[in-house]
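Enquirer: Line by line, the protein sequences are chains A and G. Using our numbering, you'd call the opening residue of the first sequence number 1 and step up by one each time. Using our numbering, you'd call the opening residue of the second sequence number 1 and step up by one each time.
These are computed hints drawn from the structure, not numbers from a lab. Just so it is clear, the structure is predicted and the values come from calculations on it, not from any experiment. No residue lacks a Cβ here, since even glycine has one placed at the ideal position from N, Cα and C. Treat each hint with caution, since some may be false.
[To be verified] Only some residues are given here: those of chain G computed to face chain A with a beta carbon under 7 Å:
1. 24
2. 52
3. 70
4. 73
5. 113
[What the hints assert, rightly or not] Below are the PhoX-like pairs computed for lysine-lysine, each with C-alpha atoms no more than 25 Å apart in a straight line:
6. G:41 with G:51
7. G:78 with A:42
8. A:2 with G:15
9. G:51 with G:78
10. G:78 with A:2
11. G:15 with G:51
12. G:54 with G:78
13. A:67 with G:44
14. G:44 with G:15
15. G:44 with A:42
16. A:67 with A:2
17. G:15 with A:56
18. G:15 with G:41
19. G:78 with G:15
20. G:78 with G:41
21. A:67 with A:56
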Amino acid sequence: QKEVEQNSGPLSVPEGAIASLNCTYSDRGSQSFFWYRQYSGKSPELIMSIYSNGDKEDGRFTAQLNKASQYVSLLIRDSQPSDSATYLCAVNLFTGTASKLTFGTGTRLQVTL
Amino acid sequence: EAGVTQFPSHSVIEKGQTVTLRCDPISGHDNLYWYRRVMGKEIKFLLHFVKESKQDESGMPNNRFLAERTGGTYSTLKVQPAELEDSGVYFCASSHYGLAGGKNFYNEQFFGPGTRLTVL
């Protein structure tokens, strides 16, 4: 079992629709959770972070966390063609003074006109 | 505010040669991380510095990889000698060393553009 699992996609949604991206993680000790967006050939760009159960909204993005189910999701409302990218779920495990992100393989999102 | 910068952006070397990658973190960020993505795989953690100290180097593949962060500012990652399987994109990231509840909890890491390493 992978530590962080994502459906690789592609997830295809029409412009203006809601895109729903999901992620599960295996380590219950994980403390913080992130969504990165990565355009082809570019570096990961942090778009959302969430630390406690529930929803967190920022503009068109909503992150949802359910620690009991070990599940994180990202909703993108009013999807735009510019949202077409790979979305990486990352989970942070902090041990003492050391910290590291564990990434999923990413979900490729395609927003169609 | 300048972001994380990495040099070079691309490097093509022959098997057995040495390559040194450089990362300059965001100014004031005590935490510096190296990650690697090989083709078709997820981004994987290599190591974590707090200032000049290595906190966790559990992800370093083997002793051909050496990371340094003298003075707690920029970092270098040296691969010597390079092997074919070392090809990939090497990312550097940095974050604040903030405390919440006594722990470095809010660890938002910001990534550099990466160095694409090709070993022939």
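Enquirer: Broken hints, numbered, in rising order?
Expert: Those not satisfied are hints 1, 2, 3, 4, 6, 8, 10, 11, 17.
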